[in-house]
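These protein sequence lines map, in sequence, to chains A and B. The first sequence begins at 17 in our numbering and counts up by one. The second sequence begins at 34 in our numbering and counts up by one.
In case anyone wonders, no lab produced these hints; they're calculated from the structure. Watch out, some of these pointers could steer you wrong.
What the hints assert, rightly or not - Here are a few chain B residues that face chain A, going by a calculated C-beta distance under 10 angstroms:
{"no.": "1", "residue": "E53"}
{"no.": "2", "residue": "L77"}
{"no.": "3", "residue": "L79"}
{"no.": "4", "residue": "F123"}
{"no.": "5", "residue": "G127"}
{"no.": "6", "residue": "T134"}
{"no.": "7", "residue": "K137"}
Said to hold, decoys possible - Just some of the chain B residues that point at chain A, by a computed CB distance under 10 angstroms:
{"no.": "8", "residue": "Q71"}
{"no.": "9", "residue": "K82"}
{"no.": "10", "residue": "E121"}
{"no.": "11", "residue": "A125"}
{"no.": "12", "residue": "G138"}
Glycine is no exception: its CB is placed at the ideal position from the N, C-alpha and C atoms.
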Amino acid sequence: DTAVSQTPKYLVTQMGNDKSIKCEQNLGHDTMYWYKQDSKKFLKIMFSYNNKELIINETVPNRFSPKSPDKAHLNLHINSLELGDSAVYFCASSRTAKNTEAFFGQGTRLTVV
Amino acid sequence: AQSVTQPDIHITVSEGASLELRCNYSYGATPYLFWYVQSPGQGLQLLLKYFSGDTLVQGIKGFEAEFKRSQSSFNLRKPSVHWSDAAEYFCAVGGGADGLTFGKGTHLIIQP
Chain A
17 DTAVSQTPKY
27 LVTQMGNDKS
37 IKCEQNLGHD
47 TMYWYKQDSK
57 KFLKIMFSYN
67 NKELIINETV
77 PNRFSPKSPD
87 KAHLNLHINS
97 LELGDSAVYF
107 CASSRTAKNT
117 EAFFGQGTRL
127 TVV
Chain B
34 AQSVTQPDIH
44 ITVSEGASLE
54 LRCNYSYGAT
64 PYLFWYVQSP
74 GQGLQLLLKY
84 FSGDTLVQGI
94 KGFEAEFKRS
104 QSSFNLRKPS
114 VHWSDAAEYF
124 CAVGGGADGL
134 TFGKGTHLII
144 QP
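In isolation and in its complexed conformation, chain A is listed as follows:
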């Protein structure tokens, strides 16, 4: 049983397209996140949600829109994809919004061509 699962694992798409990445956690956690890992492996938080409510929205273009239909799911939709969006996107969850450890999915490698 995968605790935090993301789909797809790989995504290759053309510039200008719209795409979504799905994330589900079966840990019963309240808080979910999206992180971006760039080509130099630097990880930076994009969004955090607590019980379906947006908590953190870092400096991310408006083309990125997270959606949390319930607290077990946090999807990431990206409009008008650009070359610079190519990265690995990680979903994560933590038990609460206090300082508990985060559990990460396997990542989605997005390549924009």
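Starting from the known structure of chain A, fit chain B onto it as the hints suggest.
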């Protein structure tokens, strides 16, 4: 603002030798500190964490880390590395609703 510095981008260690990966942090309050490992093409796996209490924390896979407040450090150690330890290692601070702030990672290479 919180930050994490991992001064070593690459470290090469012989199999069976000891390992120490350095991590320095900047954080306004009592830090919550973590070490994660990322194998090629994989997600991040938590090795260990420090929230409070004993400053020497034990983790999985034989790793340990020591929190030193006076030095703002949280270095990761292992007495004897195995070839399977080759990976990218990330130190992180924070957590909760604000998420984690990561260092830039240390790439560990194991020589036979």
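We went through each hint and held it up to the structure:
| no. | hint | in the structure |
| --- | --- | --- |
| 1 | E53 | 20 angstroms, violated |
| 2 | L77 | 4 angstroms, holds |
| 3 | L79 | 5 angstroms, holds |
| 4 | F123 | 7 angstroms, holds |
| 5 | G127 | 7 angstroms, holds |
| 6 | T134 | 8 angstroms, holds |
| 7 | K137 | 6 angstroms, holds |
| 8 | Q71 | 8 angstroms, holds |
| 9 | K82 | 5 angstroms, holds |
| 10 | E121 | 6 angstroms, holds |
| 11 | A125 | 8 angstroms, holds |
| 12 | G138 | 5 angstroms, holds |
The structure is inconsistent with hint 1 alone, although it conforms to all the rest.
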